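Trainee: Sequence:
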Amino acid sequence: MKWNIPVMEDAPLPPRPRWWLWAIALLIILLAGFLLAVYTLEGAQLQNKSQLLTVACGGPFLLWLVMLGVRIMVYEFSSLRVSARNDMLAVRRCEWKRWANQGMSVLAAAHYTQPDEQGVSLSPDGQLPVNNQQRLAFEQLAGLPEWERRAIFLSRLLAPVADFVQQTGCREPLTLRFRCASDDENDWRGDIEKQAISLNLPLRSVEPLETPDIFSWLATACDDAPEEPVCLIFTEFGEASFASEEGACLLLASPAWCRARRYTPVSNLPRPLSSPPGGLSQALQQMFDWQHPARGLAVASYSAVPAAEVEKLHLICRGALCDNRILLDVDNALGNGAGARHAVQLALACRFAPSSLLLTFIGGEYRLQQVISGAQV
Numbered sequence: 001m002k003w004n005i006p007v008m009e010d011a012p013l014p015p016r017p018r019w020w021l022w023a024i025a026l027l028i029i030l031l032a033g034f035l036l037a038v039y040t041l042e043g044a045q046l047q048n049k050s051q052l053l054t055v056a057c058g059g060p061f062l063l064w065l066v067m068l069g070v071r072i073m074v075y076e077f078s079s080l081r082v083s084a085r086n087d088m089l090a091v092r093r094c095e096w097k098r099w100a101n102q103g104m105s106v107l108a109a110a111h112y113t114q115p116d117e118q119g120v121s122l123s124p125d126g127q128l129p130v131n132n133q134q135r136l137a138f139e140q141l142a143g144l145p146e147w148e149r150r151a152i153f154l155s156r157l158l159a160p161v162a163d164f165v166q167q168t169g170c171r172e173p174l175t176l177r178f179r180c181a182s183d184d185e186n187d188w189r190g191d192i193e194k195q196a197i198s199l200n201l202p203l204r205s206v207e208p209l210e211t212p213d214i215f216s217w218l219a220t221a222c223d224d225a226p227e228e229p230v231c232l233i234f235t236e237f238g239e240a241s242f243a244s245e246e247g248a249c250l251l252l253a254s255p256a257w258c259r260a261r262r263y264t265p266v267s268n269l270p271r272p273l274s275s276p277p278g279g280l281s282q283a284l285q286q287m288f289d290w291q292h293p294a295r296g297l298a299v300a301s302y303s304a305v306p307a308a309e310v311e312k313l314h315l316i317c318r319g320a321l322c323d324n325r326i327l328l329d330v331d332n333a334l335g336n337g338a339g340a341r342h343a344v345q346l347a348l349a350c351r352f353a354p355s356s357l358l359l360t361f362i363g364g365e366y367r368l369q370q371v372i373s374g375a376q377v
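In the numbering used here, the protein residues as written are 1 to 377.
Please keep in mind that the hints were generated in silico from the structure rather than gathered at the bench. Incorrect hints may have been included.
As the list claims (entries may be wrong) - FRET-style restraints, in silico, Cβ to Cβ:
id, residue 1, residue 2, range
1, V7, I152, 23 to 31 Å
2, L315, P173, 15 to 23 Å
3, I24, L315, 50 to 58 Å
4, A260, Q127, 39 to 47 Å
None of the values given here were measured: they were computed from a predicted structure. Each residue gets a CB set at the ideal place from its N, CA and C atoms; glycine is no exception.
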C-alpha cells in the first residue's frame, strides 16, 4: 500500500535574452567598429561618408546581428526542449493522479454498535460517548438464543443493502464476503445466507474474506476491481472476545460499474496509503498532493493507535490539517476494538462525514484512507 510515485518537478525555462545588455553590446561594437575604421582607413576614404558608415557600422552591426540570432536560436531550442519535457511530466502526473484516485465506491454502509443500540448519535457534530478501554456488549440481545442474536444483528447490518436494492431495482447478483472473530465460519455463512434470502437480496455467493482487514481488500481492489458489487461484512460478536461487540456492512462497487448504471454512490474510497509512524507527515503530504486536498476534509478519525503515538499523531495532524478540522478518537467512543473496528470506522465516516480522513494503526504502520462524498466526485 506504499506509493512509489517518482518526483516529477517541472524544469525551469531557460532565461530570456536580456535585451538591454544586447543594446549596450551593440553600442560598444559600433563604437569599436568606428574607432577601428578611423584607425585603418586613409584620409580620402574617411571623407567618403557612405564607405565610412559601411565599414564602421555595417560590418559590426552584421556581426552583432549574427550573434543575436545564434543566441535566440539557442534560447528557442532550449525552451522547446524544456517545454516538451514539462508537457510529458504533466501527462505522467495526470496518470499518477488517476492511479492514486483509483478505488471503490460505497453504495450502502451500515454499522451496529452498542451506542447505536442505545440510540446514541455517533455523528462528529454531536456529543460522542466516552467508553475508553471498555468492552461494550449488546444489552438488548442479552439472554436471547445465539441464532436469534445473530439474526437480529445481521438484519441491522444488511437492512441498508436491502433498501438500496429495493430503491434502485438493482438485480445484479451480490457477492457477500464476511470476516468474523470466531472460528465458526460455517455457522456465520449459513446465518448470513438465511438473512440475505429473507431480505430478498440477489445472491451469487457467501464466502469468508481472505484479507486480514478492509484496507488490504481495498488496496487489492484498486488494481483489480470486481466486475460486480461486493458486500463486505465484518463482525465482532460473542462473549469470548475482549473487544466490544460491533459490526459493519459495506456494499462496494467499482466506479465504472456505478457510472454505467448511473448510480450515485454514498462515498468514494480512493487508494489507501500505508506509512510507518516516522513517515506519517510525509505520507499525509503525499496523499493531499495526489488525492483530495486537506482543506476539503471536514473530519479526521483514528483508531487502534498506541498510547505512545497519540500525542505525536495530534501534532502531525494539527500541522497537516487545518486547525478547525475535527480529530476524533473512535476507540474512545466505541471502547476496545478488534478486527471489525476498521470497517466500523469506515462505515461511520460514510454515513456521517461528507469527506473525511481515516487513520488506523495496523501491524506497526498507519493505514490512511480518504472517504470522499459521492456528490463531490
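Trainee: Does each hint fit the structure? Answer for all of them.
Mentor: Right, here's what the structure says about each hint:
{"no.": "1", "hint": "V7 x I152: 23 to 31 Å", "result": "violated, 54 Å"}
{"no.": "2", "hint": "L315 x P173: 15 to 23 Å", "result": "violated, 48 Å"}
{"no.": "3", "hint": "I24 x L315: 50 to 58 Å", "result": "holds, 56 Å"}
{"no.": "4", "hint": "A260 x Q127: 39 to 47 Å", "result": "holds, 42 Å"}
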